[in-house]
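Q: Same order as they appear, the protein sequences are chains A and B. Yeah, the first sequence ends on 220 if you go by the working numbering, and it's all consecutive. Yeah, the second sequence ends on 731 if you go by the working numbering, and it's all consecutive.
The set of hints was computed from the structure by calculation and includes no laboratory data. As the structure is a computational prediction, the values presented were derived from the model and not from experiment. Some clues are possibly wrong.
Cross-link-like lysine-lysine pairs, in silico, PhoX-like; alpha carbons within 20 Å at most [to be verified]: (1) Lys542(B) / Lys53(B); (2) Lys572(B) / Lys23(B); (3) Lys143(A) / Lys53(B); (4) Lys204(A) / Lys214(A); (5) Lys88(B) / Lys61(A); (6) Lys480(B) / Lys369(B); (7) Lys407(B) / Lys605(B); (8) Lys720(B) / Lys602(B); (9) Lys187(A) / Lys483(B); (10) Lys415(B) / Lys369(B); (11) Lys204(A) / Lys187(A); (12) Lys288(B) / Lys147(B); (13) Lys480(B) / Lys542(B); (14) Lys602(B) / Lys187(A); (15) Lys211(A) / Lys187(A); (16) Lys605(B) / Lys143(A); (17) Lys288(B) / Lys153(B); (18) Lys556(B) / Lys568(B); (19) Lys187(A) / Lys605(B); (20) Lys619(B) / Lys204(A); (21) Lys159(B) / Lys288(B); (22) Lys204(A) / Lys605(B); (23) Lys542(B) / Lys33(B); (24) Lys369(B) / Lys288(B).
Restraint ranges, calculated between C-beta atoms of paired labels, are given here [to be verified]: (25) Tyr178(B) / Pro59(A): 55 to 63 Å; (26) Gln73(A) / Asn203(B): 33 to 41 Å; (27) Leu91(A) / Pro90(B): 16 to 24 Å; (28) Gln73(A) / Lys130(B): 50 to 58 Å; (29) Gly58(A) / Gly225(B): 40 to 48 Å; (30) Gly728(B) / Leu91(A): 53 to 61 Å.
We put the beta carbon where it would ideally sit given N, CA and C, even for glycine.
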Amino acid sequence: MSRKKDKLARPPGRGSVSRRDFLRGAGVAVSGGLIAGETTKARAAAGATTPILGPGKVPITLRINGKPQTLELEPRVTLLDALRNHLDLTGAKNVCDRGTCGACTVILDGDPVYACNVLAIEAQGRNIQTIESLTVGGKLHPVSAAFVEHDAQQCGFCTPGFVMAVKAFLDHHPNPTMESVEKGLGGNLCRCGTYVGIRKAALQAAKSVKGGLHNA
Amino acid sequence: MPSCKYDWPAAGQRKHIGKRISRIDGPDKSSGRAKYTYDVNRPGILFAKVVGSPYAHAKVTSIDTSEAEKLPGVKVHIVQGVGTEIHWAGSEILLVAAPAEEVARDAAQRVKIDFEVLPHLVHEEDLSKVGDRGKPTAEQKTGDAAAAFSDPDAVIHEGYYGSAIIAHCCMEPHGQVVEWTPDGNLRAWESTQNVSGMPKEYADALGIPVTNVRVMTPHMGGGFGSKFGADRWGSECAKFSKAVGKPIKMMLERDLELVMAGARPPHYAKVKVAAKKDGTVTAWESDSWSTGGPTGGGIPPLPYALNDIPNVTKRHTAVATNIGPIRAWRAPNHPQAAVLTLCALDDLAAKLNMDPMDFFQKNAGLGGERADMYRQELTKAAELSDWKKLWHPRGTKIAGNVERGLGLSLHTWGGRGHNSRGTVTINPDGSVEVAAGSQDLGTGTRTVIALTAAETLGLEIKDIKVSIGDSALLPSGASGGSTTVGGVSSMTRRGAIDAREQLFAAVAPSLGVPPDQLEAVDGKIQVKGSAAKSVSWKQACAKLGMNSIKAEGKNPGPCELISSGVGGVQVADVSVDIETGLVKINKMVAVQDCGLVLDLKTAESQCYGALIMGISYALHEEKIMDNATGRMLNPNMEFYKLAGIGDIGELVVHMMTGPGYDERGVIGLGEPPVISPGAAISNAVANAIGVRIPTIPITPAKVLAALEKGGVA
Chain A
5 MSRKKDKLAR
15 PPGRGSVSRR
25 DFLRGAGVAV
35 SGGLIAGETT
45 KARAAAGATT
55 PILGPGKVPI
65 TLRINGKPQT
75 LELEPRVTLL
85 DALRNHLDLT
95 GAKNVCDRGT
105 CGACTVILDG
115 DPVYACNVLA
125 IEAQGRNIQT
135 IESLTVGGKL
145 HPVSAAFVEH
155 DAQQCGFCTP
165 GFVMAVKAFL
175 DHHPNPTMES
185 VEKGLGGNLC
195 RCGTYVGIRK
205 AALQAAKSVK
215 GGLHNA
Chain B
19 MPSCKYDWPA
29 AGQRKHIGKR
39 ISRIDGPDKS
49 SGRAKYTYDV
59 NRPGILFAKV
69 VGSPYAHAKV
79 TSIDTSEAEK
89 LPGVKVHIVQ
99 GVGTEIHWAG
109 SEILLVAAPA
119 EEVARDAAQR
129 VKIDFEVLPH
139 LVHEEDLSKV
149 GDRGKPTAEQ
159 KTGDAAAAFS
169 DPDAVIHEGY
179 YGSAIIAHCC
189 MEPHGQVVEW
199 TPDGNLRAWE
209 STQNVSGMPK
219 EYADALGIPV
229 TNVRVMTPHM
239 GGGFGSKFGA
249 DRWGSECAKF
259 SKAVGKPIKM
269 MLERDLELVM
279 AGARPPHYAK
289 VKVAAKKDGT
299 VTAWESDSWS
309 TGGPTGGGIP
319 PLPYALNDIP
329 NVTKRHTAVA
339 TNIGPIRAWR
349 APNHPQAAVL
359 TLCALDDLAA
369 KLNMDPMDFF
379 QKNAGLGGER
389 ADMYRQELTK
399 AAELSDWKKL
409 WHPRGTKIAG
419 NVERGLGLSL
429 HTWGGRGHNS
439 RGTVTINPDG
449 SVEVAAGSQD
459 LGTGTRTVIA
469 LTAAETLGLE
479 IKDIKVSIGD
489 SALLPSGASG
499 GSTTVGGVSS
509 MTRRGAIDAR
519 EQLFAAVAPS
529 LGVPPDQLEA
539 VDGKIQVKGS
549 AAKSVSWKQA
559 CAKLGMNSIK
569 AEGKNPGPCE
579 LISSGVGGVQ
589 VADVSVDIET
599 GLVKINKMVA
609 VQDCGLVLDL
619 KTAESQCYGA
629 LIMGISYALH
639 EEKIMDNATG
649 RMLNPNMEFY
659 KLAGIGDIGE
669 LVVHMMTGPG
679 YDERGVIGLG
689 EPPVISPGAA
699 ISNAVANAIG
709 VRIPTIPITP
719 AKVLAALEKG
729 GVA
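Work out the full structure: start from the sequences and follow the hints.
A: Below, the structure written as structure tokens:
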């Protein structure tokens, strides 16, 4: 499903708060904060069109790896916590707690994101792809296979995030160079020091993918 | 004929040993299937958070958890109650837990704790400000350094060097999931380097028998020396779990992980060294200081590596601070000692107008029994780094703003093997399992066990099932000091040889020869040298009838299969922008020996990883400790900086293998290659800009400050 089509397919009503709606509402409230009367009016106006969710639990439906999953979550729960704590999808890891290290990387509508920096509620109606979807019928994805071949992993805790970052990077950059790999993967960190293998794995996976080896 | 029953196969007969083997748990890791402690979810689990002290030194005067306990499902467990004296920031005052992780975080914020704040010390670089917290140790003397320094022909250099405090920053933080069974047994999934040793820690802390504790670590996300103990948070979570009757997961959040769960001690020293005019080093004198946290800490091994300097006088001061307990960090005290020693000697070489490559070749004899190794490795490193072509005398001005320089360092480490026991099982259906309590930190423990068993039994690596990371299995030591590969490989080899012997006995009658005339090769049991007279592995195992073979392997054991004592040389090639102070790694070369290499691929990975970790601590890493507030100012991964994929340049690893190395047996490799990068990079920067940055990390601010005083700018 294309990104455009997917956005149109977002269901209306509850749970359909979009980033744009949210920013618009917040912007009016902040700029109107200087004049009390205006603020009240602005809030009332925003309230008329913008659903207010939480702070209690609300039903949230996420399309993860092609399958819809409905959860009852507080609106503040991150996509990462939803995956790990509520769906037992533990491939994405929590390392830095705050969008620095990339260990929680998942692919959202084709783009790599830090799952710890996305609210689960924001991810509704979007295609969420986690590392669990990459292995099909027991066969490793070419990116994962390249990580094994080039020993691009030691303790392995940063590895799922790196694999997803490499996959998304190659989806957007099918003809990578060493330089573009280093720039494209700069948002992920490793402590064991596996970058030499990761550089090689990314370049090799690009060739494998072009050679027709696809899993997902 | 082998000289001993247990030995390694000769060079021509190795099918797996020494080859490039992909790690066997690689597919689990790169597919996200591998389950770590942090990933363990249990029915009814509570998420716990630590509420720690914001002060480095304080006394708890009151605790109010009432607001926290109003939140749904929140439970509280006091760890250090009112009246307790706290000795470092982060120190656990209490735990809160809730069924939802976000609620547990809320609860932690609602706890109110009052403290009486006491005087603290968290930064010790300026020894004149540590007061009575510094405790000088006895002076150590060899030869007569004073006489050597007063020799009129001596060339003398004096300098100040140091290495800041850094964190372990394991990707998987410290922590555990604990669960009690209805019959009073504790099960703990623990991110630990010490699976077999862990039950006793829990048992001692909880007052229950060791038999009632089982610890599991199927995979763990990095330790680097920081994860040997259950820690207070582990045993307190177990008490908490028992009290509330639910499993509890507590993984430290990144801020507390950086604040209190990992610290490599800082080391500083004023060093004086002397050499004859021909470059022969004659004397060393040092006044060093460091901290081990509350206890004052250890003494760096000085002079490092080239420790046969004939005249040595050294003094050390141990400073007690409130930084929290230090933890062993990959090659404890060695990377710091390498900076103190190899940078001082490099400065001495510069004063002598000698090429450091010639200077260290000349003085390699001071490395004692490693001398020949150092000489060979220096030669190899010079070749791989293009040293002759690229090296220039210190501070030679190059056109433009970017100065390039080369520097080198060398190092040594012990190794040998931890105590290890494991079972090698051959089943009648042909399946094979090796099982031991030990753990894989990401070094490739599973893989060396599998390839050793496969080599011994004439099988493929995929034919071997490896079960580790469980205290219910036979005890196999902690992973520290580069002892795991020695321990588990010799254990596996001995066990597999014994198991093979039993299989030969079962098969021999059908092949009509005595068991000692059989060999296991290429998936067959055959009469030695005669592939025609053979049975397949499966047919051979079928002869076991109903009974599996179970042989126990051990280390230590008869016939030495391992040894200790490695050397290594590293060269750094850097560029320094003298306008911004930024140091860029162009290339690093690591030449390393470790006896008989079992898996060349994962061995090289250890070296690549060590170089990268070394680049990181040489250029970026420091726990910035603030004496005004007693706090670490950068407890997050934005400002506690690890090197990224674009920061490492070209890395070249060369393993010394073959005759002269293989026959030493297996030696561990975790620590040695991480020792030299700090000194090598510091020396390369000094070579580039003509002035020494005395302490690592070499930040742009330090480079610019040094250039203000001298050098090429």
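Q: Given the hinted pair lysine 369(B) and lysine 288(B), is their Cα-Cα distance within 20 Å?
A: holds (17 Å)
Q: Is lysine 556(B) close enough to lysine 568(B), meaning Cα to Cα at most 20 Å?
A: Measuring from Cα to Cα gives roughly 17 Å; hence the hint holds.
Q: Holds or violated: lysine 542(B) with lysine 53(B), Cα cutoff 20 Å?
A: violated (35 Å)
Q: Compare the distance between the alpha carbons of lysine 288(B) and lysine 147(B) with 20 Å, and conclude whether the hinted pair is satisfied.
A: Roughly 16 Å between the alpha carbons, so the hint for lysine 288(B) and lysine 147(B) holds.
Q: Does the structure keep lysine 480(B) and lysine 369(B) at a Cα separation of 20 Å or less?
A: violated (57 Å)
Q: Does the Cβ-Cβ separation between glutamine 73(A) and asparagine 203(B) fall within 33 to 41 Å?
A: holds (34 Å)
Q: Given the hinted pair lysine 88(B) and lysine 61(A), is their alpha-carbon gap at most 20 Å?
A: Roughly 18 Å separates the two Cα atoms, so the pair holds.
Q: Please work out if lysine 159(B) and lysine 288(B) have their alpha carbons no farther apart than 20 Å.
A: Roughly 16 Å separates the two Cα atoms, so the pair holds.
Q: Range hint 16 to 24 Å: satisfied by the CB atoms of leucine 91(A) and proline 90(B)?
A: holds (21 Å)
Q: Run the distance test for lysine 288(B) versus lysine 153(B): straight-line Cα separation, threshold 20 Å.
A: At roughly 17 Å apart (the allowed maximum being 20 Å), lysine 153(B) and lysine 288(B) satisfy the hint.
Q: Indicate whether the distance between the beta carbons of glycine 58(A) and glycine 225(B) respects the range 40 to 48 Å.
A: holds (45 Å)
Q: Could you grab the alpha-carbon distance between lysine 204(A) and lysine 187(A) and see if it respects the 20 Å cut-off?
A: holds (14 Å)
Taken one by one, the earlier hints fail for this structure at numbers 1, 6, 9, 16, 28, listed in ascending order.
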